[in-house]
Every structure is written in structure tokens, then in C-alpha cells.
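J.: Sequence:
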Amino acid sequence: MEHTHLPASLDAAVKQVKQALPISADLVVRTLHKRRMGVLFVNTLLDTELLQRAVLAPLQRLGGHAQTLQALMEIIPIASLKVTDNLQQTLEFLLRGWVYLHLDGIAQGLLIQTDQSPQGVIPEREYAVIGQQTAFTESLENNVALIRKLLPDTRLCNESLTVGRRSKTRVSMLYISDIADEQNVITLRQRMEDLEVDSVIASSILTQLIDDNSWTVFTQMLLTERPDRVTYDLLEGKIALLLDGNSLAILAPCTLWDYMKTSEDYNTRWNLTMLIRAMRIVAMFGSTLMTALYVAALTYHYQVIPINLLDSLIESRLRVPFPPLYEALLLEVIIELLREAGARLPTKVGQTMGIVGGIVIGEAAVQAGFTSNILIMLVALGALSSFTSPNYMFGIVIRLLRFPMILLAGWLGGLGILLGIAFLMLHLLRITSLGHPFLWPMYPLRLRNWKEGLLRLRLPSYAKRSDFTRPEDAERYSPAQAKQIHDIDE
Numbered sequence: 001m002e003h004t005h006l007p008a009s010l011d012a013a014v015k016q017v018k019q020a021l022p023i024s025a026d027l028v029v030r031t032l033h034k035r036r037m038g039v040l041f042v043n044t045l046l047d048t049e050l051l052q053r054a055v056l057a058p059l060q061r062l063g064g065h066a067q068t069l070q071a072l073m074e075i076i077p078i079a080s081l082k083v084t085d086n087l088q089q090t091l092e093f094l095l096r097g098w099v100y101l102h103l104d105g106i107a108q109g110l111l112i113q114t115d116q117s118p119q120g121v122i123p124e125r126e127y128a129v130i131g132q133q134t135a136f137t138e139s140l141e142n143n144v145a146l147i148r149k150l151l152p153d154t155r156l157c158n159e160s161l162t163v164g165r166r167s168k169t170r171v172s173m174l175y176i177s178d179i180a181d182e183q184n185v186i187t188l189r190q191r192m193e194d195l196e197v198d199s200v201i202a203s204s205i206l207t208q209l210i211d212d213n214s215w216t217v218f219t220q221m222l223l224t225e226r227p228d229r230v231t232y233d234l235l236e237g238k239i240a241l242l243l244d245g246n247s248l249a250i251l252a253p254c255t256l257w258d259y260m261k262t263s264e265d266y267n268t269r270w271n272l273t274m275l276i277r278a279m280r281i282v283a284m285f286g287s288t289l290m291t292a293l294y295v296a297a298l299t300y301h302y303q304v305i306p307i308n309l310l311d312s313l314i315e316s317r318l319r320v321p322f323p324p325l326y327e328a329l330l331l332e333v334i335i336e337l338l339r340e341a342g343a344r345l346p347t348k349v350g351q352t353m354g355i356v357g358g359i360v361i362g363e364a365a366v367q368a369g370f371t372s373n374i375l376i377m378l379v380a381l382g383a384l385s386s387f388t389s390p391n392y393m394f395g396i397v398i399r400l401l402r403f404p405m406i407l408l409a410g411w412l413g414g415l416g417i418l419l420g421i422a423f424l425m426l427h428l429l430r431i432t433s434l435g436h437p438f439l440w441p442m443y444p445l446r447l448r449n450w451k452e453g454l455l456r457l458r459l460p461s462y463a464k465r466s467d468f469t470r471p472e473d474a475e476r477y478s479p480a481q482a483k484q485i486h487d488i489d490e
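As numbered in my numbering, residues 1 to 490 make up the sequence shown, in order.
Derived from the structure by calculation, the hints contain no laboratory data. Hints may contain errors.
[Stated by the list, open to error] Computed spacing ranges between beta-carbons, pair by pair: (1) Trp-450 to Arg-53: 51 to 61 Å; (2) Ile-201 to Leu-419: 38 to 48 Å; (3) Asp-85 to Arg-446: 17 to 27 Å; (4) Glu-340 to Gly-245: 20 to 30 Å; (5) Ser-167 to Tyr-392: 34 to 44 Å; (6) Leu-345 to Asp-467: 44 to 54 Å.
[What the hints assert, rightly or not] Result set (SDA-like, lysine to any residue): computed pairs, CA atoms no more than 25 Å apart in a straight line: (7) Lys-18 to Val-28; (8) Lys-464 to Arg-277; (9) Lys-82 to Gln-133; (10) Lys-149 to Arg-277; (11) Lys-149 to Ser-167; (12) Lys-18 to Asp-311; (13) Lys-18 to Val-121.
Note that beta-carbon positions come from the ideal geometry of N, C-alpha and C, so glycine has one too.
Please model the entire structure based on the sequences and the hints provided.
T.: Here you go:
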């Protein structure tokens, strides 16, 4: 560890710490006894009650009589105390939740253990089988602490902002100063400062106010409830926004493929993850197009259906009074009604409603001749495929896209589906996230960076950060040095 000595002067010591943590809204400096004593701490990481009871109260009672660190150690009722003259060690312990105490005129300081573990909850929307089982809470300080515990880096910046003329909602903007692109930071900060709105009470509302394009159904900023996902993306050069009273963090900029990733992807072997990610992408397209292909095939292109399958389709539709377009729309609407009802009811009742309601209504619809068995199977498979999306909001977008695709298929058949795909691609090409292409690395084409989006390769393949966010520090680690250490161990 680099050894930089602490100065004897209190003002100089405080200045050094502030220079090492230049943008840290949670760094607190208290001076006592006419600036003869300084107390420094990161208020999101420590037990404030313990700080007041075991540190500040004894120091106040002592007055200005303490002349040595030994005298201070005798009056502070905490077991873990360390004397240090090392700036780097001081910064390390500050980011663990310890308190640093400095006496003016002494080139040493006292580190006092007052840390507490931030409280997380079990993830509800982004559950992971392998990995952390922690999600954000509705406390801003606690959420910042969850990030700082995972990433105790002096270059992790925490800017404090306020949005809403009436709500005065506190927002923390987190980024790593030597990785995040400064232009991205400036752009996002400017958008926050330019907001003229009465209140912002939810992260999802804030994303709608600062998105590049508010007309599209695609959100250009990612919402997540997982601290580990935020940490991964901060190390990629992205910026995180945390709102007081909200359990969802905002990540920007992002791409379409970020909605296909989970924090669990990096906790499993690369070949297994690549297979699972490929299944998600196939399921995404399948959920969007499956019912539309059924409508197009039965309405215009029945000649491409194998004769045996065509016989089964004709037999299953003998009693159905509707054309395929109306039949598909009716069933899709019923499925969405069941899904919405299940989501609004209490958890256990909603699950039962979704399962039992789907079975009963599906069976009754077939018996009454309103739909065919094959279409029920396809619609159910499409609904199941939409649930493979790791992001809840993106799953809603996938389900929404099914309806225009079905209408185009009923109007123009296969040509309508192709037109729908072409329009969707043109729309995605126009979308940006903080000015970055939403379809990156497909547009602009960056074959070298496909491993960051569509693929998941071996971890040694990710020695360099992707250039999507234009990171200032592009190197994650040195592959040559890692290989050398590995060879020595062998």
C-alpha cells in the first residue's frame, strides 16, 4: 500500500481527505473545541447512534483538555481503535464506516470502529439463484451504503441533487470518476438541474422526464433493484441515480441488450450463460411474433403449412366462428386481462387466479368454439416466453408489441410482419440513451464489442471495458499478469 503521511495540521489533514474524496456528499467533517479536534466520517456507512453515544458525547464532555491520542483512547468506550499516520489507510477505513479523529498538531489520527451493515431486502423482481440475495430499500442513505460496501473506492463519486419544487426529492448520482465519461456525467446532471416539475416521487417517473425520447415505449434508462447490478454497471462507466423513498436505481446510458442481462450471468460458467442468454433472445422474438405468424399462415399462407398439420388446424377450427385475426386478438386480450388481474390481487390469490382462471377460461373457450386448441397453446407459449425477460418493464414492451404485429399479419400476412419488423428496427435505430445508440454494438457495427451485448465469453476476454460509455480507464486488468500468476500457482 502506498504510504502518504498525514500532516500534523488539522486543516491540512482535512484538506487531504477531501481531495482524495472530492465528490462525496456523504462525507461529514465536524470540528470541535475551537478547531483543535476534527471528526471525519461517511454518514451512510456508520451507526449514527453509536457515533453520538460513544464518540461525540465523550469528546464534548472532555472539553479541550485532551492533548494526546492515548488520552482520547481512554475515554472512548469502543473496543476497536487504531492509531494511524497513513492517508491511504485512513481513506480505506472511512469507506468501511469507521470514524477518523484528528488532533491539531499531531501527525497521527485515531480510527474508531462505528460501522454497521446496511440493511437489504430479498429481491422480488430480479431474483437470482446464484449470487447476492439483496435488493435496495426505500432509504437513500441505506442504498448508498449498499453500493459503498460493494465498491469501497475513493473514486466512487456521490453527488447530491434535489428534484421537484414541492417534493424536494433527494437524489444521489453515483459514478466512478476515472471510468465514467465526463460528458455523460455533465449531460445527466444538466438534465436533472433543468427539470421544472412539482414533484418526482418514483424512479420510473424520473426516467420518463429525462429520457432522450419520451414518445417511444422503450425506456432508455434501466431500472434495477439489485446493488450488485448497479456495481457491475458503475465499473463499466455507467451512472446510477438513487432516489430517496424508492427501491429502484436508474442506470444510464444503456442498450437494448442490457435488458437481456442479469447479474447472475457473471456468476455461472460462460458457456452455460451464453446458452441461457441465447434462449432469452429467441424467446423475446418468439413472444413478439408467434401469434402473428399463426394469423398470417392461416389467413394468407396456408400453402406453406405441412398437410398433416394443416388437417389438424382445420379440424380444431371447424367450430370457431371468427377469422384467425379476431380469434388471436380475443385470446391475447383475455390472457392480458388474467395477467393484470393476477398482478393487482394479493400475491397468493393472484397466483391462484392466474393459474385456475387460465385453465378454466381456456377450456371453456375451446368447448364453446370461440378458439382452437393450437392457438391457446401458441398464446400460452408466447406469454411464457415474455417472462424470460429479466426486466419487468421490458417484458411489458414485448407483450405490447404483439398486438401491432398481429394486426399487420391479419392485414398483409407475411409482408405485414416484415413491415412491422422493418418499422421496429428503424425506430430502434433512432433511439439513443444519453446520446449513445440504443442498438449498440449492432449499430454502429462493433464486432469487437459483441461480447458485451449478445454474447458472454470467458472472463479473460473482458480485459478491456466496452467503448459504449467511452470509459476513461479502459482496462479492467492485465491478462498477461493474470496468466503469469496462474502459471506460478500451477
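J.: Hint by hint, note whether the structure agrees.
T.: Now for the hints, and whether the structure bears them out:
Evaluation of the 51 to 61 Å hint for Trp-450 and Arg-53 yields a pass: the beta carbon distance comes to about 56 Å. The supplied range of 38 to 48 Å is met by Ile-201 and Leu-419, whose beta-carbon atoms lie about 40 Å from each other. Between Asp-85 and Arg-446 the beta carbon distance is about 48 Å. The supplied range of 17 to 27 Å is therefore violated. Taking 20 to 30 Å as the suggested C-beta distance range, the pair Glu-340 and Gly-245 conforms, at roughly 26 Å.
Judged by the Cβ atoms, the range 34 to 44 Å given for Ser-167 and Tyr-392 is violated: they are separated by roughly 24 Å. Here the CB-CB span from Leu-345 to Asp-467 is close to 46 Å, well matched to the stated 44 to 54 Å. Distance restraint check for Lys-18 and Val-28: the Cα-Cα separation of roughly 10 Å lies within the 25 Å cut-off, and the hinted pair is therefore satisfied. Under the criterion of a C-alpha separation no larger than 25 Å, the hint pairing Lys-464 with Arg-277 is consistent with the structure, at around 21 Å.
At most 25 Å may separate the alpha-carbon atoms for a hinted pair to count; Lys-82 and Gln-133 exceed this at roughly 33 Å. For the suggested pair Lys-149 and Arg-277, the alpha carbons sit about 29 Å apart, so the restraint of at most 25 Å is broken. Our distance criterion of 25 Å between C-alpha atoms is broken by Lys-149 and Ser-167, whose separation comes to about 29 Å. At roughly 77 Å between alpha-carbon atoms, Lys-18 and Asp-311 are farther apart than 25 Å, so this suggested pair is violated.
Using a Cα cut-off of 25 Å, the hinted pair Lys-18 and Val-121 is violated, with the two alpha carbons roughly 32 Å apart.
Hints 3, 5, 9, 10, 11, 12 and 13, counting from the list given before, are not met by this structure.
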